[in-house]
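Please put together the full structure from these sequences, using the hints given.
From first to last, the protein sequence lines stand for chains A and B. The C-terminal position of the first sequence is numbered 301 in our numbering, with every residue numbered one higher than the one before it. The C-terminal position of the second sequence is numbered 412 in our numbering, with every residue numbered one higher than the one before it.
Possibly wrong hints are sitting among the right ones.
[Stated by the list, open to error] Below are the DSS-like pairs computed for lysine-lysine, each with C-alpha atoms no more than 27 Å apart in a straight line:
1. B:Lys384 with A:Lys42
2. A:Lys258 with A:Lys290
3. A:Lys31 with B:Lys343
4. A:Lys21 with B:Lys343
5. A:Lys31 with B:Lys384
6. B:Lys343 with A:Lys42
It is worth saying that the hints were derived from the structure and are not from the lab.
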Amino acid sequence: MNRGERQLLLSEYSTLQELLKRASAGDILGKRSLESRLASVKALLDQMPADTRMPARACVTFRGKPVVGSHGIFAEFGAKATQLFTDVVSKVAAGMEGPLKETGPVPNKAQNQLLITNTAIGSFGFELEEHRDEPLLIDDGGVVGEALAATLDLLEATNLDDDRLAEAAAGIEDRAITAARTFLMLLGESDAVCAVETRGKRFGFSDVAQVRRAVSRLAKENLIEGFANKAGEFQGVLPKSRTFEFKLSGSNEVIKGKIGPGVANPDALNAMLHKPMTVVFAETRVATGKPRYTLNTMPIA
Amino acid sequence: MSSWLRAAPPNDVDVVTFFRSAAGDSQDAVLKRNPDLFDQAKVMQTFNVDGYLVLLDGDASALVANSAYWYGVWSHRRDMTWKGFVELDLTPAETPATDLLKTLTASGVTP
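Encoded structure:
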């Protein structure tokens with residue numbers, strides 16, 4: 001039972017209360033019906049924890065050679081493409097929760113699984129939904145939803161300028177970028193394109209050439225990730241949005257960036273403001289574009 | 302209805318009865334004559350009928366709100382595919398209902 005079902009029941013509960021208010025005093029049988037229905041709905045609500053949330057959802061559709069309009073999709077391509085897409089999401093999610101090693105099992109893969117819940121209307125594809133056996137709680141972070149949004153942003157940014165691509169890729173682990181590239185390679189090799197929709201935002205590749213360009217732009221030679229030692233001082237930190245400003249020594253240049261999952265308590269950085277230090281940032285750069293920085297380890301003041 | 306289309310045996314039948322009080326009778330008197338017939342849990346247990354009642358003679362806006370509610374409750378399955386309704390006109394003689402049941406039986410459906 002998730003928040004969606006709970007919301008539906010709450011809505012039904014308030015509708016029944018309203019219908020009871022409108023029933024005339026003499027309508028004894030009608031009121032008995034509504035009261036028994038209200039009791040059933042209340043019994044269901046009582047079984048549910050109140051702090052559940054909606055599962056993250058996304059719609060992934062495909063067009064091109066392996067897709068027959070809105071009638072069907074070749075099973076081999078559909079299964080492989082969906083598996084590779086979910087692999088990207090689980091790796092992006094794992095990277096958000098902690099460092100992701102270059103090889104080996106993906107941490108928390110079981111809890112970052114996506115369920116196919118329906119076929120998508122329009123071009124052929126699938127509706128995907130976050131799934132856990134236990135209720136989805138509000139305070140469990142909703143990392144799958146964040147990972148779906150970050151995956152959509154990354155795919156979209158392959159079609160934007162170098163700075164925007166570096167921005168979208170900053171904070172996403174190398175292994176997840178490679179997974180995204182593998183997914184796009186399958187599309188390119190199969191003469192297919194995809195569109196992804198989540199949290200009310202949508203991006204779709206317009207043609208296969210765009211997909212193939214995206215594969216090149218996510219290549220390690222183009223999307224360069226490394227580390228940079230920077231001397232300076234923190235100017236400010238936003239612990240909830242996990243962003244920082246860091247002024248470089250000997251200049252007025254201020255770099256802004258994201259705070260990665262390696263820093264468990266970003267608020268602690270606020271105790272280090274305006275203190276000179278040298279910090280190691282993860283640096284993401286596309287071709288000769290402007291680098292983007294991510295702080296993955298707590299600096300020592 | 303959807304269970305018939307899926308050729309799966311239904312566990313129950315959902316029924317909303319839109320009724321009028323007979324002249325000279327009252328809902329209170331009807332209830333006292335046969336209280337078990339108006340106890341949803343007992344009706345479900347005895348007849349496998351998830352049954353509810355809506356008054357036709359009352360306030361028109363309440364009738365519209367009730368109709369919209371019950372339509373919303375049973376017009377779709379959980380996966381949002383449409384479900385159908387069968388409308389039976391229950392006169393005291395119940396002739397239309399009997400005729401419809403005969404038609405369904407003739408078309409191979411076991412009511």
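Outcome of the hint check:
1. B:Lys384 with A:Lys42: At roughly 25 Å apart (the allowed maximum being 27 Å), Lys42 (chain A) and Lys384 (chain B) satisfy the hint.
2. A:Lys258 with A:Lys290: The given pair, whose Cα atoms are some 15 Å apart, holds under the 27 Å limit.
3. A:Lys31 with B:Lys343: Satisfied, since the Cα-Cα distance of roughly 17 Å is no more than 27 Å.
4. A:Lys21 with B:Lys343: 25 Å, holds
5. A:Lys31 with B:Lys384: 26 Å, holds
6. B:Lys343 with A:Lys42: 19 Å, holds
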